[in-house]
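Quick note on the working numbering: the sequence shown kicks off at 55 and runs consecutively.
Don't read these hints as lab results, they were simulated from the structure.
A few of these clues could be false.
To be verified - Cut-off 25 Å, straight-line C-alpha distance, at most; resulting in silico cross-link-like pairs (BS3-like, lysine-lysine): (1) Lys176 / Lys287; (2) Lys287 / Lys192; (3) Lys91 / Lys227.
To be verified - Cβ pair distances, simulated, as ranges: (4) Ser148 / Arg304: 50 to 60 Å; (5) Thr246 / Asn325: 41 to 51 Å; (6) Asp280 / Arg304: 37 to 47 Å; (7) Glu268 / Leu305: 35 to 45 Å; (8) Ala293 / Lys109: 51 to 61 Å; (9) Ser174 / Ser148: 18 to 28 Å; (10) Glu152 / Asn189: 36 to 46 Å; (11) Pro85 / Ser148: 50 to 60 Å; (12) Glu299 / Trp76: 41 to 51 Å; (13) Lys109 / Pro210: 47 to 57 Å; (14) Asn325 / Asn191: 19 to 29 Å; (15) Glu268 / Leu215: 26 to 36 Å; (16) Lys176 / Tyr122: 41 to 51 Å; (17) Glu71 / Gly328: 26 to 36 Å.
Only a predicted model underlies this, so the values are computations on that prediction, with no experimental measurement involved.
Beta carbons are placed, not taken as given, at the ideal position from N, Cα and C, and that holds for glycine.
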Amino acid sequence: MTTSMPDIANHTTAQTEGTLDWVGMSNIEMPIMVASKGESDRMVSAHIDAFVNLKDAQAKGIHMSRLYLLIDDLSTSNVLNYQSLVSLLDGFISSHKELSDQAKVQFSFDYHLRRKSLVSGKEGWKAYPVILTGNRNKGQLIIELTIDVPYSSTCPCSAALARQLIQQAFQNKFAKQSELAINDVHDWLGTTEGIVATPHSQRSVAEVKVKLNENINDFPITELVDIIEGSLKTPVQAAVKREDEQEFARLNGQNLMFCEDAARRLQHSMNQAGHFDDFWLRINHLESLHAHDAVSVTTKGIEGGYLP
Numbered sequence: 055m056t057t058s059m060p061d062i063a064n065h066t067t068a069q070t071e072g073t074l075d076w077v078g079m080s081n082i083e084m085p086i087m088v089a090s091k092g093e094s095d096r097m098v099s100a101h102i103d104a105f106v107n108l109k110d111a112q113a114k115g116i117h118m119s120r121l122y123l124l125i126d127d128l129s130t131s132n133v134l135n136y137q138s139l140v141s142l143l144d145g146f147i148s149s150h151k152e153l154s155d156q157a158k159v160q161f162s163f164d165y166h167l168r169r170k171s172l173v174s175g176k177e178g179w180k181a182y183p184v185i186l187t188g189n190r191n192k193g194q195l196i197i198e199l200t201i202d203v204p205y206s207s208t209c210p211c212s213a214a215l216a217r218q219l220i221q222q223a224f225q226n227k228f229a230k231q232s233e234l235a236i237n238d239v240h241d242w243l244g245t246t247e248g249i250v251a252t253p254h255s256q257r258s259v260a261e262v263k264v265k266l267n268e269n270i271n272d273f274p275i276t277e278l279v280d281i282i283e284g285s286l287k288t289p290v291q292a293a294v295k296r297e298d299e300q301e302f303a304r305l306n307g308q309n310l311m312f313c314e315d316a317a318r319r320l321q322h323s324m325n326q327a328g329h330f331d332d333f334w335l336r337i338n339h340l341e342s343l344h345a346h347d348a349v350s351v352t353t354k355g356i357e358g359g360y361l362p
């Protein structure tokens, strides 16, 4: 004799009636093959959030296993790209028929890229935190790519103050000499007495979110990294030899930036890119002088777009 198992979600009603904005699962761990433009498909270890709304005020709940199995099928049988992300959202909704008409999913993972050093030509891995988000809301579709890119920022004010101290040290050292030998000045500049002060710099992070359109299929992860690092000029390095460290110091000295400077640089480059429907960016300078961070936020500024 076969005994049927109880199905509470289908055969009982809610104890208290009411619709719910989102119901689902958070922090699902699963390997996912990601398609990135210009790169080979790559396996990542993703943490996934999956949700649908519950529009039936009397329904006991959704069918969470259906969401999980759809993601598992993507993990084992498909590649995550624009179209498969849209299909996943549509599957969330169709699997819940009269219960739901909205769906969202988020994939969070580190995306590793081989990056060349500045001078020596050495290569190393750099990990970029990436979030891919899809939201289907009553026919409206939003697909977003968010990425964090670390870089170095050197304070313009601190650099000016350091230069003043070096000028004062030079005056104190050579004021009594009527003539100066180039070699004496050259040698003095190579001492700690000569460079008596250095400006402060800090590791910084550019958080950039872009709204993608259906004209793309593979996600432009590497392209976005290149735009950000090319704009800011001082990306943190992987493999470093002494000549790379020296070039890094030069780049920092030639690219002095407040957080406002960095935000405007990146805003200009993102506007030049042109093929992102919208963008939002936040510049974080993790101060070495202060115990707090310096932050600047801006957007593409389109009507109905991202808000600061």
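Consistency of the hints with the structure:
Straight-line distance between C-alpha atoms of Lys176 and Lys287 comes to about 18 Å, which keeps the hinted pair within the 25 Å bound. Taking the CA atoms of Lys287 and Lys192, the gap is about 42 Å. The hint is violated against a cut of 25 Å. The suggested pairing of Lys91 with Lys227 is violated, with an alpha-carbon distance near 57 Å, which exceeds 25 Å. A beta carbon spacing of about 57 Å between Ser148 and Arg304 agrees with the range 50 to 60 Å that was offered as a hint.
In this structure the supplied range 41 to 51 Å holds for Thr246 paired with Asn325, their Cβ-Cβ distance being about 44 Å. The hint said 37 to 47 Å for the Cβ distance between Asp280 and Arg304, and at roughly 21 Å that hint is violated. The hinted range of 35 to 45 Å is satisfied by Glu268 and Leu305, whose Cβ atoms lie roughly 38 Å apart. Remark: the range hint 51 to 61 Å for Ala293 to Lys109 is upheld by a beta-carbon distance near 53 Å.
A beta carbon spacing of about 54 Å between Ser174 and Ser148 contradicts the range 18 to 28 Å that was offered as a hint. Restraint check, Glu152 to Asn189: a C-beta distance of roughly 21 Å breaks the suggested window 36 to 46 Å. Distance hint for Pro85 and Ser148: a CB-CB separation of about 25 Å, inconsistent with the stated range 50 to 60 Å. At about 48 Å, the CB distance of Glu299 to Trp76 agrees with the hint of 41 to 51 Å.
The hinted window of 47 to 57 Å between Lys109 and Pro210 holds, with their beta carbons roughly 54 Å apart. For Asn325 and Asn191, the hinted distance range of 19 to 29 Å is satisfied, since their beta carbons lie about 27 Å from each other. A beta carbon spacing of about 51 Å between Glu268 and Leu215 contradicts the range 26 to 36 Å that was offered as a hint. Separation of Lys176 from Tyr122 is about 43 Å and conforms to the stated range, judged on CB atoms against 41 to 51 Å.
With their beta carbons about 49 Å apart, Glu71 and Gly328 fall outside the hinted range of 26 to 36 Å.
Hint compliance for this structure: hints 2, 3, 6, 9, 10, 11, 15, 17 are not met, and every other hint is.
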